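With the hints as extra help, turn the sequences into a complete structure.
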Amino acid sequence: MQIIYHIIVFYIAAHLIWYIFKEKKFWNQLSAAIVLIMILLRLLLVK
Amino acid sequence: MKIHHITGFFLMIIVAVICFATARSFISMHKIEAVYPSRFLTIQKKLSAYFPGLKDSPGDTDVFVFESQNPGGTLLILGGTHPNEPAGYITAILLVENLGVSRGKVIIIPRSNNSGFTHSDPQEGNPQRFSFDIPGGKRWFRYGSRLTNPIHQWPDPVLYVNPAGQKLSGTESRNLNRCYPGRKKGFLTEKIAYGIMALIRKEKVDLAIDLHEAAPEYPVINAIVFHENSAELSALALLKLQIQGFEIRLEASPPNLRGLSHREWGDSAQIMAILLETANASHGRLKGRSTTGLILDGKDKNYVKAAQLGRLFIPFDEKGVPLRQRVSRHLAALQALVTSLEELHPELCVELENIPSAAEVQKAGIGAFLKGQK
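Note that the protein sequences, when read in sequence, are chains E and W. Numbering-wise (the working numbering), the first sequence opens with residue 210 and increments by one. Numbering-wise (the working numbering), the second sequence opens with residue -2 and increments by one.
Please note: incorrect hints may appear among the correct ones.
[What the hints assert, rightly or not] Below are the DSS-like pairs computed for lysine-lysine, each with C-alpha atoms no more than 25 angstroms apart in a straight line: (1) K231(E) with K(-1)(W); (2) K234(E) with K(-1)(W); (3) K(-1)(W) with K233(E).
These aren't lab readings, by the way, just hints derived from the structure by calculation. Predicted model only: the values in this text are computed from it and were never measured.
This is how it looks when you write it as structure tokens:
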């Protein structure tokens, strides 16, 4: 079950990173970066 | 390289720095602080030695046993049932680091809800740690949460029916002091309670004391809460404490409030069960800013005002209620209960040695009686 959860969180994180580099408007990039922090912490720290 | 690639790159660096800093802080909450037992320690165990269902789980915790060669009673002392009530677990740690026993047996669990120490209550803004100056340095201690970490026990039921049959709100399924007598195959918190009950039965505990704190606006405060099995003992201890100048009251454990230590230890294991409460402004609802100063000095202008308005159940002035005073109260109450036990039941006598008196802790501070890293 946990591996499925990790795969979903990894997909969202990868998608956000891709979006940050693709997006041209700074404020949209910043919004994605703020969300990415929480997603990465989830990805790395979930027990 | 285009401009939005450069801004994206810098944002990724900022994300990495924030993730590193917060992850480091988060992981540090799971680090268990060292305890340096006194040379009189007989054996250090884990709670899972009494209930293997806790082995390798975040609910397993250290149990310190001090046993003398002379027969007597068995005393169990619990700190850290609620890890946001520091006087409870600091008193227990102070005992572990100083205690000697010349008669009977003393068992101490300083971090009863080990999981509760690994997180902080959301939306409280509490500091993660507080420290004491000790000879040659500092000792840091966690300020945890009243409840088991949801990482370790999740999700909460909407309605929680505890092992004693009491209906409570769902979050109380993570409150160790609502989960007695525990369930062998229940939630993690119920398993911890089950493990403590197993210890009580296996070690044939005669008197068990649960060390707590209460918010100044809570009516059960500066009190000895007793099961009817220990009514006489509590009354005698109260007299001794009042003679020493401590303002303290007796509160009978309500028979219809189930799942609490002072009720279920007495009902399920037929032992003398006591819960001690001191006044902790840092976990009250009227507190101002949460700081280490509030935990250690217990000063809060909101509580001063509340006392002036007659909203509190204890006197509260600008001097506050410092942690050293709260730990002193617990130590004085423990001594009073132990000497009362000897008077009422000489065959269950437990003689404690080498522990600092309430007056010594008041004068020299808690740090003077804590050990440093070896």
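Starting from K(-1)(W), check that the Cα of K233(E) is at most 25 angstroms away, please. At roughly 9 angstroms apart (the allowed maximum being 25 angstroms), K233(E) and K(-1)(W) satisfy the hint.
Going straight from one Cα to the other, do K231(E) and K(-1)(W) come out at no more than 25 angstroms? OK: K231(E) and K(-1)(W) at ~10 angstroms, within 25 angstroms.
Is it true that the CA of K234(E) sits at most 25 angstroms from the CA of K(-1)(W)? holds, 12 angstroms
The structure is consistent with each of the numbered hints, conforming to all of them.
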